[in-house]
Amino acid sequence: NAGVTQTPKFQVLKTGQSMTLQCAQDMNHNSMYWYRQDPGMGLRLIYYSASEGTTDKGEVPNGYNVSRLNKREFSLRLESAAPSQTSVYFCASQQGGGQGNEQFFGPGTRLTVL
Amino acid sequence: GESVGLHLPTLSVQEGDNSIINCAYSNSASDYFIWYKQESGKGPQFIIDIRSNMDKRQGQRVTVLLNKTVKHLSLQIAATQPGDSAVYFCADVSNFGNEKLTFGTGTRLTIIP
Chain A
1 NAGVTQTPKF
11 QVLKTGQSMT
21 LQCAQDMNHN
31 SMYWYRQDPG
41 MGLRLIYYSA
51 SEGTTDKGEV
61 PNGYNVSRLN
71 KREFSLRLES
81 AAPSQTSVYF
91 CASQQGGGQG
101 NEQFFGPGTR
111 LTVL
Chain B
1 GESVGLHLPT
11 LSVQEGDNSI
21 INCAYSNSAS
31 DYFIWYKQES
41 GKGPQFIIDI
51 RSNMDKRQGQ
61 RVTVLLNKTV
71 KHLSLQIAAT
81 QPGDSAVYFC
91 ADVSNFGNEK
101 LTFGTGTRLT
111 IIP
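First to last, the protein sequences are chains A and B.
Using the working numbering, read the first sequence as starting at 1 and increasing by one per residue.
Using the working numbering, read the second sequence as starting at 1 and increasing by one per residue.
One chain only, chain B, in its complex shape (with noise of 0.2 Å):
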C-alpha cells in the first residue's frame, strides 16, 4: 500500500538554531501534503500545507518544500524556540475530493535550552 514516512524518529536542535525535517512519500498522484504539530497529551495542530503543484511555501517562521522527482517534502523550522519541541508529522491526501490524510509515523523534535 501507499506510504508516508520520515527519516529519522527524533531530532535535538539547540534553541535559536534552524530545525530541518524529512518526510518521503511513495504515492505519486498525493494531491496535497501536510504537516501537523503534536505537542505531548494534545492532538495534532495544523502547521502549514503545500498543493502538489507548487515546490514551496511560507509561514510563520516554517517553510515547506516539496521535491517531486524524489518523493521528498521537509519542514523547515527557523530560529527555533522551546515551544516547537512536539512531534511533526507529514501528511498526504491522494485524492483531494476524497480528503483522507495517510499519516507518516512522526519526528520528535527537541529543543536544547
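Here chain A stands alone, though its shape is the one from the complex (with noise of 0.2 Å):
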C-alpha cells in the first residue's frame, strides 16, 4: 500500500494564480482531511471529509475549496492563490466511523505564492 500520497511536492504560484492540490489514499478510509502548516506553528484544519460525498470547514477555509471525487481522492483548489497561503500543505485520512482516531498523513506539497 502506498498510503497517502499527494501531488506535486513543490509548487510556485504568482498571486491570482489557481492550482489543485491532489491526495490520494488506498487504504480505504472513509474520511480525509487538509492541513496547513505555517512556521513555528501546528497543523490548522482547513476542510475535512468524514465520507464520501461530504465535505465541512475547518478552522482555516476561507480562500480554498475542496473536492471529495470519490473515497480515494480528496483535492483542493485555490482560486486566486495569495502569498498568505505560502505553506506546506498536508493531507491525511482515517478509517473513521468511530473506528479509530489515527490519522496517515501525506508526504506534504510546499507551496509558495510570490
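Please keep in mind that the hints were generated in silico from the structure rather than gathered at the bench.
Where hints are given, some of them may not hold.
Which bits of chain A does chain B cover? Going by a derived footprint, with three or more residues having C-beta under 8 Å, they are [what the hints assert, rightly or not]:
| hint | stretch |
| --- | --- |
| 1 | 38 to 44 |
| 2 | 104 to 112 |
Interface residues of chain B toward chain A, partial, derived using beta-carbon atoms under 10 Å [unchecked claim]:
| hint | residue |
| --- | --- |
| 3 | Phe46 |
| 4 | Cys90 |
| 5 | Ala91 |
Label pairs and their in silico Cβ distance ranges [what the hints assert, rightly or not]:
| hint | chain 1 | residue 1 | chain 2 | residue 2 | range |
| --- | --- | --- | --- | --- | --- |
| 6 | A | Asn70 | B | Thr10 | 22 to 30 Å |
| 7 | A | Thr5 | B | Gly83 | 19 to 27 Å |
| 8 | B | Asn67 | A | Ala2 | 36 to 44 Å |
| 9 | B | Ala79 | A | Thr5 | 29 to 37 Å |
All C-beta atoms in this analysis are idealised placements derived from N, C-alpha and C, irrespective of residue type, glycine included.
Hints given; two lone chains; assemble the complex.
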C-alpha cells in the first residue's frame, strides 16, 4: 500500500493564479483531511470530508475549496492564490466511523505564492 | 476558542537519556489525545494515543501520561536514540464521533550524540 499520496511535492505560484492539490489514499478510509502548516506552528485544519460526498469547513477554510471526488481522492483548490497561502499542505486520511482516530498523513506539498 | 499547546518549543537530550515532552490543553470535553512525530520534510506520524478515561498508556519506549485535573499531557521517551530527533505534536479530539484533531504548536526534540 502506498498510504496517502500527494501531488505535487513543490509548487510556486504567482499571486492570483489557481491550482489544485491532489490527494489519494489506498487504505479504504472514510475520512480525509487537508491541513496547512506554517513555520513554528502546528497543523491547522482547512477542510475535511467525513465520508464520500460530504465536506465541511475546518479552522481556516477561507480562500480554499475542496472536492471529495470519490472515496480515494480529496482535492484542495486555490482559486486565486495569495502570499498568505504560502505554506506546507498536508493531506490525511482516517478510518472514521468511530473505528479509530489515527490519521495517516501524506508527505506534504510545499507551496510558495509570490 | 479551544487550544492545545506545549510548554517548551525546544528540548535537547543526551543520547540514551529519557526525555519528557509536555502539553497543556484547555478543552475539558476532549475525549482523546494523540502524540505525533514529524521528521524534517515529512508528514506527521502517529506515535501513541490515550483515551480521556485513562491516565497512562505505554508503547514501545514511549509512555503517555494524562492528568485531567490540571489538563496536562506528557510524552516520555525512554533511552533516546538519534532517530528520535523530530518535532513532537500533541493533538486532541473533542468529539469522538467528529474525529477532528486540534494540534499544538510542537516541541523540537534534539538528541545529542
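To see whether the hints hold, each was checked on the structure:
1. With a threshold of 8 Å between beta carbons, the proposed coverage of the stretch 38 to 44 of chain A by chain B holds, since 5 of its residues qualify and at least three are required.
2. Check result for the stretch 104 to 112 of chain A against chain B: holds, 5 residues qualifying (beta carbon to beta carbon below 8 Å, three or more required).
3. Evaluation of the B:Phe46 hint against chain A yields a held restraint, the C-beta minimum of about 5 Å falling below 10 Å.
4. The interface hint given for B:Cys90 holds, since its Cβ lies 9 Å from the closest Cβ of chain A, which is under the 10 Å cut-off.
5. Restraint check, B:Ala91 versus chain A: the minimum CB separation of about 8 Å is within 10 Å; hint holds.
6. In this structure, A:Asn70 and B:Thr10 break the distance hint of 22 to 30 Å, their C-beta atoms being roughly 42 Å apart.
7. One distance hint, 19 to 27 Å for the beta-carbon pair A:Thr5 and B:Gly83, holds here, with the actual separation near 24 Å.
8. A C-beta distance of roughly 39 Å is found between B:Asn67 and A:Ala2, which places it inside the suggested range of 36 to 44 Å.
9. Checked against the hint of 29 to 37 Å, the pair B:Ala79 and A:Thr5 passes, with Cβ atoms roughly 34 Å apart.
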